[in-house]
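Student: These are the residues of each chain, in order.
Number of protein chains: 2
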Amino acid sequence: MPNPTAAMLVIGDEILSGRTRDSNMHYLAQELTHKGIDLKEVRVVSDDRDAIIGAVKALAETKDHVFTSGGIGPTHDDITAECIAAAFGVGITIRDDARALLAAHYDRQGVEFNAARQRMARIPDGATLIENPVSIAPGFTLENVHVMAGVPAVFQAMVASVLPGLVGGAPLLSQSLRIMQGEGLIAGPLSDLAADFPELSIGSYPFQRDGIYGANVVIRGADGAQVDAAMARLSRLFPE
Amino acid sequence: MPNPTAAMLVIGDEILSGRTRDSNMHYLAQELTHKGIDLKEVRVVSDDRDAIIGAVKALAETKDHVFTSGGIGPTHDDITAECIAAAFGVGITIRDDARALLAAHYDRQGVEFNAARQRMARIPDGATLIENPVSIAPGFTLENVHVMAGVPAVFQAMVASVLPGLVGGAPLLSQSLRIMQGEGLIAGPLSDLAADFPELSIGSYPFQRDGIYGANVVIRGADGAQVDAAMARLSRLFPE
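Protein chains in written order, with the working numbering: chain A, -17 to 222; chain B, -17 to 222.
Calculated from the structure, these hints are not laboratory results.
Accuracy of the hints is not assured; some may be wrong.
Identical copies go unnamed one by one, so any copy, or any two together, can satisfy a pair.
For lysine to any residue, the following SDA-like pairs were computed, each having C-alpha atoms within a straight-line distance of at most 25 angstroms [stated by the list, open to error]:
(1) 39 with 79
(2) 39 with 170
(3) 39 with 118
(4) 22 with 32
(5) 22 with 5
(6) 17 with 28
(7) 17 with 33
(8) 22 with 151
(9) 17 with 0
(10) 39 with 204
(11) 17 with 2
(12) 17 with 196
(13) 22 with 33
(14) 17 with 43
(15) 17 with 30
(16) 22 with 58
(17) 22 with 145
(18) 17 with 149
(19) 17 with 163
(20) 22 with 192
(21) 39 with 95
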């Protein structure tokens, strides 16, 4: 059975303007690989209603899971929750359980639970909450879309809340070999190797350092014995 | 006149598997912002023919420019050039000018210009070459799609070759203010400020460090006087 598929949607002008360097994509990619869920696509869109709704619809229709990051805080530019509701044609209201979580949190901190903060309790109808042990304001799952915060510490905590509840597949195994030759020399043998192991993904990632050309060749697959066999052949082709 | 729009397409299994952290997106985002070209969307897809062709078509139809990174080397997993040709319905052949560049390069290095290396001279019909001062193998521009390498040093050199030839717009100006209060407190005043300056983009990027909550508020726009006016008001609302 093939692994479940996933897409990620990163929401935020700050990434597209170059002000902030996204780190959530790399984190989620690693976690999904361990879980055996195949991340097939990532999109980054701005804080724009039509762009968010369009991307959510396109990705939710074609992938088993969609993970979003960003745009669920209390400020005017945080429009993700209402866009997700609109994408699925459901309503969105301040929900009692989310409000209770936040009210208790701000009460403990001695901070007013004002209108802006109550905005973070707005949850689309039919969603389940995603726990946020870092800053309490919850994410949510609606259908196959998991909506999480953009702040990396909070995003990571929410991923840790969501992933155990999902069905994974065979974790992608990988082995790599660093070859100190230019890609132009190794391309022929690599192509033959890929043809002999059609179920494996064999990638070549070139580098150049101090004028020396090399490549990291990565062999990936779900079948450990096949990965071993291909790597053994590769090591014989390119002994150190 | 609105600024030209752009999208980026990052091609590579190594990003989606979490093995490699993409850095080209952040670099391009900053360069386009300086140039006055608005980066509206980024997609990351795997080394899959249908995924690449589908994304190129969708982005080229809706944006003024598409910039791709990755998949133009000599190995079997480098399929970007033929996918771009297929997306535009044109042929692809080894082209004399590209072959001459590469032949001279490998001749200088005393290295055989073998079949794999000649693959890097395959250029879609009607494309213009993008200069690569780092490792010679050229990128290319076909219609509104600029196809570049994934290795960061080469990607950056190709961006430097392409951007001067493009028409830019008004560079996006930005000013930011660090406010040492939780977003829940600043959300109300920020929302009013955004309503009073509808042509500006006002974003709030929260952080939490050593238990202290704060936010960087960024005001962006093409009109410097408006950015100044909004920032002056924000500074009065939240004095240090």
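Student: Of all the hints given earlier, name the ones this structure violates by number, lowest first.
Tutor: 1, 2, 3, 10, 12, 19, 20 and 21
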